[in-house]
Amino acid sequence: MRVSLFPARGRGRPVFRGLALVLSSALALAGCGIGEGADTGPGTARDPSFLDAFLPWGPDGAVPTARYAALETAGVPVMQVSDLQSGARYPLRRVARSADGVTAWLAPDGSGFSFRNGILVATRGTGDDLMSADVSGLADLLARGQSGRAERFHSRLDGQNQVVLTSYVCDVSRSPAEGGIIVSEDCAGAEEGLVNTFLLTPSGDMFQSNQLGFQFESMNP
Numbered sequence: 004m005r006v007s008l009f010p011a012r013g014r015g016r017p018v019f020r021g022l023a024l025v026l027s028s029a030l031a032l033a034g035c036g037i038g039e040g041a042d043t044g045p046g047t048a049r050d051p052s053f054l055d056a057f058l059p060w061g062p063d064g065a066v067p068t069a070r071y072a073a074l075e076t077a078g079v080p081v082m083q084v085s086d087l088q089s090g091a092r093y094p095l096r097r098v099a100r101s102a103d104g105v106t107a108w109l110a111p112d113g114s115g116f117s118f119r120n121g122i123l124v125a126t127r128g129t130g131d132d133l134m135s136a137d138v139s140g141l142a143d144l145l146a147r148g149q150s151g152r153a154e155r156f157h158s159r160l161d162g163q164n165q166v167v168l169t170s171y172v173c174d175v176s177r178s179p180a181e182g183g184i185i186v187s188e189d190c191a192g193a194e195e196g197l198v199n200t201f202l203l204t205p206s207g208d209m210f211q212s213n214q215l216g217f218q219f220e221s222m223n224p
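224 is the number that this note's numbering gives the last residue of the sequence shown; the numbers go up by one with no jumps.
No lab work stands behind these hints, which were simulated from the structure alone.
Predicted model only: the values in this text are computed from it and were never measured.
Beta carbons: idealized from backbone N, C-alpha and C, even for Gly.
Misleading hints may appear alongside valid ones.
Listed next, with one range per pair, are the computed distances between beta-carbon atoms [stated by the list, open to error]:
#1 Ala-72 to Asp-143: 32 to 40 Å
#2 Arg-147 to Ala-77: 30 to 38 Å
#3 Asn-164 to Ala-91: 26 to 34 Å
#4 Glu-181 to Asp-143: 25 to 33 Å
#5 Thr-76 to Ala-102: 23 to 31 Å
#6 Ala-72 to Gly-148: 37 to 45 Å
#7 Val-167 to Thr-76: 37 to 45 Å
#8 Pro-205 to Ala-69: 40 to 48 Å
#9 Pro-205 to Gln-165: 39 to 47 Å
#10 Arg-92 to Arg-147: 31 to 39 Å
#11 Gln-88 to Leu-160: 15 to 23 Å
#12 Ala-193 to Thr-76: 40 to 48 Å
#13 Asp-112 to Gly-78: 17 to 25 Å
Given only the sequences and the hints, what does the whole structure look like? Please build it.
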């Protein structure tokens, strides 16, 4: 039975509001979390150019419909993403995976998402792009199956095209749920807060999450 995660309230306004996406999916769970796969490609997790290398468009409007169609024809993994504010839905196709485990995914409208071990670390073409994110503290707690406190750092571009770094202190807690474990990440920043939730199988594989205003979900039973 699939357990649904609903948007939780954080401190302050949500970090993202502008992306209207939901992605329909058939991502295998055999040893893989959301956003994982066997593809390889150049780039590193700390290099935001990794996503640019595979998703070389931006918010100026180029829509790579031919590329998305090619990915669809090739039968690459898909997952569902939902905009928790608008309810819009689109399929997201996996483009590539870097040597250190960051995966890039493409939406039909040309928007791009990048994940590390199921955690969203970058977006492109969304109108309020997350250029990169350091989520190593959360990733460590998830890997160890523990609750605790972690920091996360976001970099975004401001109106002058300058990189702005935002830091958060997050309380990470785990609680049992039917069919798995819910991990809640409740973060406070200097001017805003956010709450992310992750639904894991008993063995620790991620199969659903609410992150920065979006729900990502494997459609496998």
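Each hint tested on the structure:
no.	hint	verdict
1	Ala-72 to Asp-143: 32 to 40 Å	holds (39 Å)
2	Arg-147 to Ala-77: 30 to 38 Å	holds (36 Å)
3	Asn-164 to Ala-91: 26 to 34 Å	holds (27 Å)
4	Glu-181 to Asp-143: 25 to 33 Å	holds (27 Å)
5	Thr-76 to Ala-102: 23 to 31 Å	holds (26 Å)
6	Ala-72 to Gly-148: 37 to 45 Å	holds (40 Å)
7	Val-167 to Thr-76: 37 to 45 Å	holds (39 Å)
8	Pro-205 to Ala-69: 40 to 48 Å	holds (42 Å)
9	Pro-205 to Gln-165: 39 to 47 Å	holds (45 Å)
10	Arg-92 to Arg-147: 31 to 39 Å	holds (34 Å)
11	Gln-88 to Leu-160: 15 to 23 Å	holds (22 Å)
12	Ala-193 to Thr-76: 40 to 48 Å	holds (47 Å)
13	Asp-112 to Gly-78: 17 to 25 Å	holds (21 Å)
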